[in-house]
Amino acid sequence: MDSWVRFNAQSQAKERVIRAAQYACTLLGYTLQKGGAAAELHKTVSQLEAHMSLSRKLLRLGNSVEALEAAKRAIHLSDSVLRLCLTISHLNRAMYFACDNVLWAGKTGLVSKLDQHKWSQRSFRYYLFALILNLTRDVYELRLLIECEARYRAARSPPSPSPTLPTDHLLSHSTPDMLAWLRRQLHLLVTVLYSNPPLLLDLLKNSCDIFIPLDRLGIYRTGQGFVGACGLASSVLSILTMVHPWLKLKP
Amino acid sequence: MEAFVKFTSQSQGRDRIFRATQYTCALSIYLLRNNSERINLVSKLKSLETNMSAGRKLFRLGNTVNSIEAAKRTMQLSDRVLCLCLTAANMNRALYFICDNVLWARNVGLIRNIDKERWSLNSSRCYFLSLVMSLTRDVYVVLQLMTQRARDKHFRQKMELQLNESPEVAEVVVPHLDAFLFLLLESLKSHPAVALDTLKNICDLFIPLDRLGIYKSNAGVVGFCGLVSSVIGIVTLAQPKLRLKP
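Same order as they appear, the protein sequences are chains A and B. Under the working numbering, think of the first position of the first sequence as 1, with each following residue one higher. Under the working numbering, think of the first position of the second sequence as 252, with each following residue one higher.
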């Protein structure tokens, strides 16, 4: 109980729990629709989802400042790729939150005559850019770790007759060699991810999250059920990183 | 900026800011109610207030556990009066949160067959009882401070000096009352945490008093008192030294 109190005291944790509930409602609404349930139950679920979405917008009202502070911190990183990716990602997040605040003002009636669709699309675009940059950072870290691991393995064991295939041989050599190479790379990937749970969680989270703006912007339509499942999965992963802070990818 | 980020990263910090905004809207609506030019603004303020209130009900969904944990802690206090008052206050707050959660479920449409008015009155009653218990504790702490001060020799000398100092002022009709008030004000000045907590509870008390019909003031008084208590809440959260412990 005490850990729940401490968890609940962080407003970001509360926002993640409500996000998980919101996407669970999306998923539930989709399954109810597919299962042909009563229209009233479906209406209740979509009303609950809309209420949670609006309340989350209210809860996020101060987050632009937090994202700007995070961008200020990211500028001082030593690695140039990380510095670039993280700073721009945080700036995009700040813009996303700013658009989100405008949307909240429009939905509550503070700003009349707001083109909600335009601002919604704008906010999803910023969110998509931020997610793409996060994924780039994940792939970059993954590549660094794989190279490290490959060098460590090569140094540990004596060099075998065919270690890595040079590119011009790929076409001329037979399929079993290529398969062996692929299997080795895959094994490297799995080892690196297994020994770095923060990176794995962050990669999974961003991959799940990216389907949401892709669907809303119409770039890659997947449907309400898939979006709900992805949103729920990424929220649960995010709650996990908050409950166990060692699982959070730093910086 | 960093202080703002740290303050809003606590969910209690955000909740108090929203509460302050909600009561500011209530106060503004009352002040502008007869102004025919500002009907548009009044409707926007009403919509903002409803929105904030609904959002806050959702955010309060987990707070019953908080209150029960607090009650478990206060049951172990050594001072009996404090133990009784604080445990009773926390239990009543837990009941208030339960009623509030039921009202949220009703508003959202998850539960349909409940009497909204009855549950709303019950939640106001629980809130009222918890505030009365908190005020009792405040009064007890103030009385303790006053007796402590009265026994202090230096303080007694200071009081004699103060009371005999002003010959131009008319004879005090009730000299004991003058001494009592001086003692009270000095005690409150030296312990701002108690003074702030007492003021906050008194302001908060007007809200359920109006809702239950015990002492009907108007929406303006309720809004003003709510705003003052929210501001005090923000100050005590930002400056932990001003928070009354336990």
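Calculated from the structure, these hints are not laboratory results. Check each hint, because a few of them may be wrong.
DSSO-like mimics (lysine-lysine), calculated; alpha carbons at most 27 Å apart, straight line [said to hold, decoys possible]:
#: 1; chain 1: B; residue 1: K295; chain 2: A; residue 2: K107
#: 2; chain 1: B; residue 1: K297; chain 2: A; residue 2: K113
#: 3; chain 1: A; residue 1: K57; chain 2: B; residue 2: K308
#: 4; chain 1: A; residue 1: K72; chain 2: A; residue 2: K248
#: 5; chain 1: A; residue 1: K107; chain 2: B; residue 2: K308
#: 6; chain 1: B; residue 1: K295; chain 2: A; residue 2: K113
#: 7; chain 1: B; residue 1: K467; chain 2: A; residue 2: K113
#: 8; chain 1: A; residue 1: K107; chain 2: B; residue 2: K297
#: 9; chain 1: B; residue 1: K257; chain 2: A; residue 2: K250
#: 10; chain 1: B; residue 1: K295; chain 2: A; residue 2: K57
#: 11; chain 1: B; residue 1: K467; chain 2: A; residue 2: K43
#: 12; chain 1: A; residue 1: K107; chain 2: A; residue 2: K250
#: 13; chain 1: B; residue 1: K308; chain 2: A; residue 2: K43
#: 14; chain 1: B; residue 1: K467; chain 2: A; residue 2: K57
#: 15; chain 1: B; residue 1: K367; chain 2: A; residue 2: K248
#: 16; chain 1: A; residue 1: K57; chain 2: A; residue 2: K43
#: 17; chain 1: A; residue 1: K72; chain 2: B; residue 2: K257
#: 18; chain 1: B; residue 1: K297; chain 2: B; residue 2: K467
#: 19; chain 1: B; residue 1: K257; chain 2: A; residue 2: K43
Comparing the hints with the structure gives:
Restraint check for K295(B) and K107(A): satisfied, since their Cα atoms lie roughly 11 Å apart, inside the 27 Å limit. Between K297(B) and K113(A), the direct Cα distance comes to roughly 18 Å. Compliance with the 27 Å bound is thereby established for this hinted pair. The straight-line distance between the Cα atoms of K57(A) and K308(B) is roughly 15 Å, inside the 27 Å bound, and the hint therefore holds. Note on K72(A) and K248(A): the hinted pairing holds, with a Cα-Cα distance of about 19 Å set against a maximum of 27 Å.
Of the supplied pair hints, the one linking K107(A) and K308(B) holds, its CA atoms being roughly 18 Å apart against a limit of 27 Å. About 13 Å separates the Cα atoms of K295(B) and K113(A), which keeps this hinted pair within 27 Å; it holds. For the hint pairing K467(B) with K113(A), the CA-to-CA distance comes to about 39 Å; that exceeds 27 Å, so the pair is violated. Between K107(A) and K297(B) the alpha-carbon distance is near 14 Å, which keeps this suggested pair within the 27 Å criterion.
Distance hint between K257(B) and K250(A) is fulfilled; the C-alpha atoms sit about 19 Å from each other, no more than 27 Å. Note on K295(B) and K57(A): the hinted pairing holds, with a Cα-Cα distance of about 18 Å set against a maximum of 27 Å. Under the criterion of a C-alpha separation no larger than 27 Å, the hint pairing K467(B) with K43(A) is inconsistent with the structure, at around 39 Å. Proximity of K107(A) to K250(A) is assessed by CA-CA distance (about 36 Å); at most 27 Å being required, the pair is judged violated.
With a CA separation close to 21 Å, the supplied pair K308(B) and K43(A) stays within the 27 Å bound. In summary, the hint linking K467(B) to K57(A) is not supported, as the alpha carbons are separated by about 35 Å, beyond the 27 Å threshold. The straight-line distance between the Cα atoms of K367(B) and K248(A) is roughly 43 Å, outside the 27 Å bound, and the hint therefore fails. Annotation: proposed proximity of K57(A) to K43(A) holds, straight-line Cα distance about 21 Å (limit 27 Å).
Among the hinted pairs, K72(A) with K257(B) is consistent with the structure: their alpha-carbon atoms are about 15 Å apart, no more than 27 Å. Pair hint K297(B) plus K467(B) holds up; C-alpha atoms about 21 Å apart against a cutoff of 27 Å. About 39 Å separates the Cα atoms of K257(B) and K43(A), which puts this hinted pair outside 27 Å; it is violated.
Checked against the numbered hints given earlier, this structure breaks hints 7, 11, 12, 14, 15, 19; the rest are met.
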